[in-house]
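Undergrad: Sequences and hints are given; from them, build the entire structure.
Those protein sequence lines, which keep their order, are chains D and Z.
The first sequence begins at 1 in the working numbering and counts up one residue at a time.
The second sequence begins at 456 in the working numbering and counts up one residue at a time.
Keep in mind that a hint or two might mislead.
[To be verified] Result set (DSSO-like, lysine-lysine): computed pairs, CA atoms no more than 27 Å apart in a straight line:
| # | chain 1 | residue 1 | chain 2 | residue 2 |
| --- | --- | --- | --- | --- |
| 1 | Z | Lys-520 | D | Lys-400 |
| 2 | Z | Lys-457 | D | Lys-400 |
| 3 | D | Lys-363 | Z | Lys-556 |
| 4 | D | Lys-406 | Z | Lys-520 |
| 5 | Z | Lys-539 | D | Lys-372 |
| 6 | D | Lys-379 | Z | Lys-539 |
| 7 | Z | Lys-475 | D | Lys-438 |
| 8 | D | Lys-400 | D | Lys-12 |
| 9 | D | Lys-449 | Z | Lys-651 |
| 10 | D | Lys-342 | D | Lys-140 |
| 11 | D | Lys-15 | Z | Lys-651 |
| 12 | Z | Lys-483 | D | Lys-452 |
| 13 | Z | Lys-457 | D | Lys-438 |
| 14 | Z | Lys-475 | D | Lys-441 |
[What the hints assert, rightly or not] Computed Cβ-Cβ distance ranges for the label pairs, DEER-style:
| # | chain 1 | residue 1 | chain 2 | residue 2 | range |
| --- | --- | --- | --- | --- | --- |
| 15 | D | Leu-340 | Z | Glu-621 | 42 to 52 Å |
| 16 | D | Thr-287 | Z | Val-571 | 53 to 63 Å |
| 17 | Z | Asn-515 | D | Gly-50 | 51 to 61 Å |
| 18 | D | Glu-39 | Z | Arg-627 | 17 to 27 Å |
| 19 | D | Asp-294 | Z | Arg-595 | 19 to 29 Å |
| 20 | D | Thr-154 | Z | Asn-515 | 51 to 61 Å |
| 21 | D | Lys-400 | Z | Asp-525 | 48 to 58 Å |
| 22 | Z | Glu-606 | D | Leu-225 | 48 to 58 Å |
| 23 | D | Glu-160 | Z | Arg-627 | 51 to 61 Å |
| 24 | D | Lys-81 | Z | Glu-624 | 48 to 58 Å |
| 25 | D | Arg-183 | Z | Glu-663 | 51 to 61 Å |
| 26 | D | Glu-160 | Z | Arg-595 | 41 to 51 Å |
| 27 | D | Pro-227 | Z | Glu-606 | 37 to 47 Å |
| 28 | D | Glu-160 | Z | Glu-605 | 42 to 52 Å |
Worth flagging that the hints you see were computed from the coordinates, not collected in a lab.
Don't be surprised by glycine CBs; every beta carbon is placed ideally from N, CA and C.
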Amino acid sequence: MSHSKAATIFNKDEKKVNWHDKALWFVRHKRDKSVHSVEGWENLRNLGQGIKAHMLSNLDNYLIQFEEKALKNGVQVHWAKDGDEHNKIVHSILKEHNAKKVVKSKSMLTEECHLNPFLEADGIEVIDTDLGERIVQLAKEPPSHIVLPAIHKTKEEVDELFQEHLGTKPCGGDPQYLTGEARKHLREKFVNADAAITGVNFAIADTGGFVVCTNEGNADMGAHLAPVHIACMGIEKIIPKQEHLGVFLRLLGRSATGQHITTYSSHFRKPREGAKMHIVIVDNGRTEQLSRPDFRASLQCIRCGACMNTCPIYRRSGGHSYDATIPGPIGSILSPGKDLKKHSSLPFASTLCGSCSDVCPVKIDIHAQLYKWRQIITKEMKQPFVKKVSMEMMGKMFAKPSQFEKVGMVARWSLRNLPKSVINSKPNVWGRERDLPKGPKESFDEWYKNRKKNE
Amino acid sequence: MKIGLFIPCYINQLYPQVGKATLELLEKLDVEVVYPLGQTCCGQPMANSGYERESLGACNNFVEKFKGFDYIVTPSGSCAYHVKKHFDIIPQTAEVIKLRKNVYELCDFILNVLKVKNVGARFPHKIGIHKSCHGLRGLRLGSCSEKVTEEYSYIGELLKEVSGAEIIELSRQDECCGFGGTFAVTEEAISVKMGKDRIQDHLDNGAEVITATDTSCLMHLEGLVTRNNQPLKILHIAEILNSVN
Chain D
1 MSHSKAATIF NKDEKKVNWH DKALWFVRHK RDKSVHSVEG WENLRNLGQG IKAHMLSNLD
61 NYLIQFEEKA LKNGVQVHWA KDGDEHNKIV HSILKEHNAK KVVKSKSMLT EECHLNPFLE
121 ADGIEVIDTD LGERIVQLAK EPPSHIVLPA IHKTKEEVDE LFQEHLGTKP CGGDPQYLTG
181 EARKHLREKF VNADAAITGV NFAIADTGGF VVCTNEGNAD MGAHLAPVHI ACMGIEKIIP
241 KQEHLGVFLR LLGRSATGQH ITTYSSHFRK PREGAKMHIV IVDNGRTEQL SRPDFRASLQ
301 CIRCGACMNT CPIYRRSGGH SYDATIPGPI GSILSPGKDL KKHSSLPFAS TLCGSCSDVC
361 PVKIDIHAQL YKWRQIITKE MKQPFVKKVS MEMMGKMFAK PSQFEKVGMV ARWSLRNLPK
421 SVINSKPNVW GRERDLPKGP KESFDEWYKN RKKNE
Chain Z
456 MKIGLFIPCY INQLYPQVGK ATLELLEKLD VEVVYPLGQT CCGQPMANSG YERESLGACN
516 NFVEKFKGFD YIVTPSGSCA YHVKKHFDII PQTAEVIKLR KNVYELCDFI LNVLKVKNVG
576 ARFPHKIGIH KSCHGLRGLR LGSCSEKVTE EYSYIGELLK EVSGAEIIEL SRQDECCGFG
636 GTFAVTEEAI SVKMGKDRIQ DHLDNGAEVI TATDTSCLMH LEGLVTRNNQ PLKILHIAEI
696 LNSVN
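TA: Here's what the structure looks like:
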């Protein structure tokens, strides 16, 4: 389904749209307040962008350095060229340790690779331990936001979901009760887990360590209790030095939710005694994106979600309308690189207002990349006949002043003389909810010529 | 100083009063303005829809009509931005480079080239400023709420000097109106919702008039205001700055 179709369905319930818009605008507003209190915020963004751009230009070396250090730390390192390979690697590690129960903290990469269904098919239980992710997991839905996975659900909906799956009492959507019950439910899963999977926010080349950021401490709970820790990361998660965390941890928390720092920034370096630690490094299309000069900066993304919170279209269409692992503006420049056909409507789900690029903590030129994807899509994908022909006709008309004048005259006459019922008839989508201006008798051009004549 | 006046295609045909106000205003400010006949469009409607290649004819016609001017002034931030940002698809001759450098949105030109703040206008109304995105985040005609920079607004600076004008504060000072060119029809549901939300913000904060540097945003907002019989007047900034009543 195209984005616009899904968005039209979402917009049938205007109250829900208003609620969704306000909830996310609140987060954007918190972000504004928080970044305005940082002296040199724009410098911090420049640094973030610079470090990431440098990393991408030297990615091969930093990855090798990271692997060497990690191996020295006693961590096992695996390389996966795509999602399938990633899933098989994780599966084989779990098999090796005879792990049947797995807890997993938030990882968009494992969503991207569809790890859960792969493991579940072999009878392995995978529990998402981030509260928002657990909610969407129970609802059998994908996350609708990368930082706030269940932002599309009201507390009343969560109440019903928990009654059904966790046996809670009806509570009218009382957040404290619901969180308490989720906590009890998840504690039991943590205690009994055979293995813990986490994502990686930053992997540090010069130490071989990595950092996982959560607000609930669920990554730590999993990794500290289970005998096996598997951390899954995309190749672009590398940063060159430990000291660079001082830039990124400050950018991430503020951009994501307006917090000065995420509640837990957990630093992992080596397995604790008697336990195992694995890192799976995944490409899955990233090298290809890196090879596209116009789009490589999209790999600088630190997954803060600020572009979603600020996007007036995302706020009013919901994350699911994008039908992609990463929704919103950043997803709309990443996804076409993976499957141009499936995601060809996404770069058009934007007014090119540019808010995403200005809010981005690592200064990705998101709206400029949306524009560039559009140029590619109209060439490589079959376009609706009406769109293609009207664009060709407009192009010809604007190349010839005399034609422009004639078409303008007819358009003005029609807008002036035709009844509204004809002007706003079905083919005119504009006219469904908006009037068109009344056609003036004289164009500016004609007025100017007459004025000249009478001078 | 020779100034070429660029009147965007939709203003030429549908909102000639905006073109007239722009020309009269510039003449009042005592500059030599020429409106080159045979101009059409900057090519943006095709380019933003992914058909940059179909806009080559429009770009070439634009260059043909506007080469040789010291400045090109237009009552549209969006069109000025398009020439600056996207005229890289034609050969970069000295003429094209100069033209891209010297194309100005009207308020920017008055304030920063002519160095005039008070244009001698009178307009005793409560005004809500819609900060059109391409002007704001493309041409940087003002500070935007996302970035941590000093606050400024060219359109605001000019309006402040207009006798009787009262600028109202909005809850969301620079959210997009949802026009977005062909977006307005291809993503109709969201486009309309965004426009309605913007209008409500202006109404809630007591605006009598919504103004902007771009008639395209205003056409979208006006279409909704008219359809829904809302008590708001929609005027381009040139019409206010040219007003003496």
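Undergrad: Indicate, hint by hint, whether the structure satisfies it.
TA: Here's how the hints hold up against the structure:
In summary, the hint linking Lys-520/Z to Lys-400/D is supported, as the alpha carbons are separated by about 12 Å, within the 27 Å threshold. Between the alpha carbons of Lys-457/Z and Lys-400/D the distance comes to roughly 25 Å, so the proposed pair stays at or under 27 Å and holds. Using a Cα cut-off of 27 Å, the hinted pair Lys-363/D and Lys-556/Z holds, with the two alpha carbons roughly 24 Å apart. A hinted pair counts as satisfied when its Cα atoms are at most 27 Å apart, and Lys-406/D with Lys-520/Z qualifies at roughly 19 Å.
Annotation: proposed proximity of Lys-539/Z to Lys-372/D holds, straight-line Cα distance about 16 Å (limit 27 Å). In summary, the hint linking Lys-379/D to Lys-539/Z is supported, as the alpha carbons are separated by about 24 Å, within the 27 Å threshold. Between Lys-475/Z and Lys-438/D the CA atoms are separated by roughly 17 Å; this keeps the pair inside 27 Å, and the hint holds. Of the supplied pair hints, the one linking Lys-400/D and Lys-12/D is violated, its CA atoms being roughly 42 Å apart against a limit of 27 Å.
A distance of roughly 38 Å separates the Cα atoms of Lys-449/D and Lys-651/Z; the hinted pair therefore is violated under the 27 Å criterion. Taken as a hint, the Lys-342/D and Lys-140/D pair is honoured in the structure, with Cα atoms around 22 Å apart against an allowance of 27 Å. Distance hint between Lys-15/D and Lys-651/Z is fulfilled; the C-alpha atoms sit about 13 Å from each other, no more than 27 Å. For a cut-off of 27 Å, the pair hint linking Lys-483/Z to Lys-452/D stands: about 17 Å separates their Cα positions.
A C-alpha spacing of about 34 Å is found between Lys-457/Z and Lys-438/D, which places the hinted pair above 27 Å, so the restraint is violated. With a CA separation close to 14 Å, the supplied pair Lys-475/Z and Lys-441/D stays within the 27 Å bound. Separated by about 51 Å at the C-beta atoms, Leu-340/D and Glu-621/Z satisfy the suggested range of 42 to 52 Å. Separated by about 54 Å at the C-beta atoms, Thr-287/D and Val-571/Z satisfy the suggested range of 53 to 63 Å.
Checking the proposed 51 to 61 Å range against Asn-515/Z and Gly-50/D shows it is violated: the Cβ atoms sit about 38 Å from each other. Taking the beta carbon of each, Glu-39/D and Arg-627/Z are about 25 Å apart, inside 17 to 27 Å as hinted. Range check, Asp-294/D to Arg-595/Z: Cβ separation about 23 Å, and the 19 to 29 Å hint holds. Checked against the given bound of 51 to 61 Å, the beta carbons of Thr-154/D and Asn-515/Z, roughly 54 Å apart, stay inside it.
For the pair Lys-400/D and Asp-525/Z, the supplied restraint of 48 to 58 Å is violated, since their beta-carbon distance comes to about 27 Å. The hint said 48 to 58 Å for the Cβ distance between Glu-606/Z and Leu-225/D, and at roughly 50 Å that hint holds. In this structure the supplied range 51 to 61 Å is violated for Glu-160/D paired with Arg-627/Z, their Cβ-Cβ distance being about 33 Å. Separation of Lys-81/D from Glu-624/Z is about 54 Å and conforms to the stated range, judged on CB atoms against 48 to 58 Å.
Distance hint check for Arg-183/D and Glu-663/Z: the Cβ-Cβ separation is about 53 Å, which falls inside the suggested range of 51 to 61 Å. Under the hint 41 to 51 Å, the C-beta atoms of Glu-160/D and Arg-595/Z, about 48 Å apart, fit the expected range. Distance hint check: the CB atoms of Pro-227/D and Glu-606/Z are about 56 Å apart, inconsistent with the given range 37 to 47 Å. Glu-160/D and Glu-605/Z have their C-beta atoms about 49 Å apart, which keeps the hinted 42 to 52 Å range intact.
Comparing the model with each earlier hint shows violations of hints 8, 9, 13, 17, 21, 23 and 27; every other hint is respected.
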